[in-house]
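Asks: Here is what each chain is made of, one letter per residue.
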Amino acid sequence: MRRCDPPAHPLTKRPNVNALLETIDERPATDRRRPPSRRRRSSIGHPRLTPYLFLLPTILLFLAFKLYPYLSAFWVSLTQNVGGVTAFVGLDNYIRLAQDPLFYTALGNTVLILVVQVPLMLALGIVLSVAFNSMLLKWRAFWRTTYFVPIVMGLVAYGILFRALFDSGDGIVNEMLGVIGIGPIPWLVDPFWAKISIVLAMTWHYTGQNAIIYLAQLQSIPGELYEAAQVDGANGWQRFWNITMPGLKPALLLTVILSTIGTLQLFDEPYVLTNGGPDNATLTIGMYLYQNGFRYFDFGYASAIGYALTLIIAVISLIQFRLFKEKTR
Amino acid sequence: MRFTLNKRSRGVAVTAAAIASVAALVGCSASSADNGATDGDVSGKITIWTWDAPGDGLKAAIPAFQELYPDVEIDVQDVGNPAIWEKITTGMAAGGSGLPDVLNIGIDYMGNYVEKFPGELVDLRDFGADKLADEFPSGAWKSGSGADGAVYGIPYEVNATGFFYRTDIFEQAGVDIDSIETWDQLLEAGVTIKEKTGVNLYNQDKAATAADSAGLWQLLTALQGSFYFDEKGEITMNDEAGVHALELIKKANDLGIVGDEQGSWDTLLASLRGETDVAIMPSGGWMAGVMENEAPDMAGNWGVRLPPAVEAGGITAAVNGGTYLSIPTESKNQRTAWEFVNFALGTLEGQKVVYDGGGMFPGYKPMLESEGFAEPSEYFNGQSPNAIFIAELAQDTPVVNFTSDYARALKALTDAQTRVLLSGADPQDALDEAAEQVAQQTNRKLASD
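Each protein sequence line maps, in turn, to chains A and B.
Converting from the first sequence to the numbering used here requires adding 734 to each position, the first position being numbered 1.
Converting from the second sequence to the numbering used here requires adding 240 to each position, the first position being numbered 1.
Some clues are possibly wrong.
[Stated by the list, open to error] In silico lysine-lysine, DSSO-like type, Cα no more than 30 Å apart, as pairs:
| # | chain 1 | residue 1 | chain 2 | residue 2 |
| --- | --- | --- | --- | --- |
| 1 | B | Lys285 | B | Lys356 |
| 2 | B | Lys491 | B | Lys434 |
| 3 | B | Lys356 | A | Lys800 |
| 4 | B | Lys382 | B | Lys299 |
| 5 | A | Lys872 | A | Lys983 |
| 6 | A | Lys929 | B | Lys491 |
| 7 | B | Lys436 | B | Lys490 |
| 8 | B | Lys382 | B | Lys605 |
| 9 | A | Lys929 | B | Lys490 |
If you are wondering where the hints come from, they were derived from the structure by calculation, not from laboratory data.
Generate the whole structure from the sequences, applying the supplied hints.
Replies: Quick look at the structure:
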């Protein structure tokens, strides 16, 4: 059969790619519209104020709640609180960070969880979305809702639920494993199993969200492609691999990047489940930042961790963009 | 906060901690701006941030205070512990905006707030608070004061260590609790108890994932006259006393007489009520009141005594936390706030209603000496917990220097203990590593260097 070539279906695919990419494009809309406005402006000969007046609320909000915190946090990251007096210390916080063994522990834990959890969750999300999209599945709306419910579940309820599930003494998970002769597993109290618990909890929490994104993308793949493939004699696996997967590519890019950023910032799960322990086995960069800021009141160092994390996220996201672009070519 | 966290809100620790982040966001909703009274008058409205049991005590003082000052309205807000620490932090980081008129602050947070946010708390000498100094135990008073003598908080709770034990279990095992003088003897008794009754000597959160579980180490170290830091602020957690304390904890664990249990209010209550049996429960003195309230059916089964010494003939007393009442400088109604604090903590009349309402162990000497305070308790088989605590506070215990880096040291110690208990690390190595980590993070010197 012929390969499904994305540009062959500009109407169905292109707008979607752009729509999805726009959501991760941080540039304000004004940047992107500049060329036409400049053209118009030059033809009239004086700058037009009206559009800026309309944009003023947005610009002001952006300055107050985005730009100012960014800059202020950067300034704070260059300071230290010595005896109650905030002193400018240059790059001291960053130098300390580079020599801090706990920071590397946190970085290692975060990357480990990222490498294990994100592929697992996304693969599961694809399987689920294909199932949700299948004509063979009954009560599809019910299943879709069921898997989406964890997203709206509050952090507190989620924490209490998983603590009860994973309790190493009389937790429900261990009781069930006990029935089939496994365990008991020290879920939240063993350095290894604590990481596994975090991965499982995150997968439970976020898989549905990704499945919904994939589902939206799946519904934009024209049915004729599958019909044509079927006529050509492609089996289910071939159809999945040659039509579904290429069709999902824009959504894949989106979810990979969003999940990577989300996991690098991981905080909720270790906070409610393990408190970063035992012995820092589930300490993530987000947790370490929080501890330094809110437990130790070391805001300068916490801000430095924040900026280091931003840098790491920027680099990894760039690499991911590049990889996906090369594959598309 | 680690000490008073034990007290009331461990059971809701997860909830409270999660709410903390929300509380931090809405931290600017308190009402200190809308009270019209100026510094001179005692009138208008004041708001107090505290948590459940201490809050009950302060609420109880309101009617009596209003008899003196009918124009005053007092709003005691149960912010929750540990949520309150982050809420105060947020307010102080914002230059005091949103803070109420009176803050209930834990001893372990006091130094940190004073050092990291200078000028945010009123020097209560402005209101003549220094006159009260002699009415309180000097150690407790000092921890609420700055190095220059400025008074930032009046002691509300002053806790000695309560060494509680199950009389029925000791009897069943045929062990005489009164004959035990040292922790080594206690561990031997623990083995006998385990053999005869199957009951663990005590339970501990070995992984420390639910809460910090450094209470026992702090007690054992305090019984040897040491702490995380010495008076100069240098790190001493890996000194001989600290290592010996951790060795004792390891020994108990290796003997198989320590149960593993997540630290929470619920598990604590289960132990108090005898639903999960433990032979001993070293804790803050406040536990006596909690036992009577939460486990009335266990009357007669709990006893209390001074903690055994670590070295034969050594110290048998340790201060176990405490809290203060402070006034933020941003308060618009400082005079009224002070009058209330002074009434609740600095007068016998106020102390009595506060104690009846909340049961927090007071530091105010006239209260301790007052009639009926050290009465024998039926619940404790005619023993008097208060008399024991008073005797402990009278012993010459070293001033505990929490410094502004207590939270870091506590975390490092908890991690070290987890390594020892779960992965069999050597106590000396684990503590050396912890001490170096604290030194690296804080630029404090190791006392051993």
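Asks: For each hint, tell me whether it holds in the structure or not.
Replies: Going through the hints against the structure:
Simply put, B:Lys285 and B:Lys356 have alpha-carbon atoms about 29 Å apart, close enough for the 30 Å limit, and the pair holds. Distance restraint check for B:Lys491 and B:Lys434: the Cα-Cα separation of roughly 15 Å lies within the 30 Å cut-off, and the hinted pair is therefore satisfied. For the hint pairing B:Lys356 with A:Lys800, the CA-to-CA distance comes to about 26 Å; that is within 30 Å, so the pair holds. Of the pairs offered as hints, the one joining B:Lys382 and B:Lys299 holds, with about 27 Å between alpha carbons and a cut-off of 30 Å not exceeded.
With a C-alpha separation of about 27 Å, the suggested pairing of A:Lys872 with A:Lys983 holds against the 30 Å cut-off. At most 30 Å may separate the alpha-carbon atoms for a hinted pair to count; A:Lys929 and B:Lys491 meet this at roughly 29 Å. Restraint check for B:Lys436 and B:Lys490: satisfied, since their Cα atoms lie roughly 22 Å apart, inside the 30 Å limit. Taking the CA atoms of B:Lys382 and B:Lys605, the gap is about 15 Å. The hint holds against a cut of 30 Å.
At most 30 Å may separate the alpha-carbon atoms for a hinted pair to count; A:Lys929 and B:Lys490 meet this at roughly 25 Å.
Violated hints for the displayed structure: none, as all numbered hints are satisfied.
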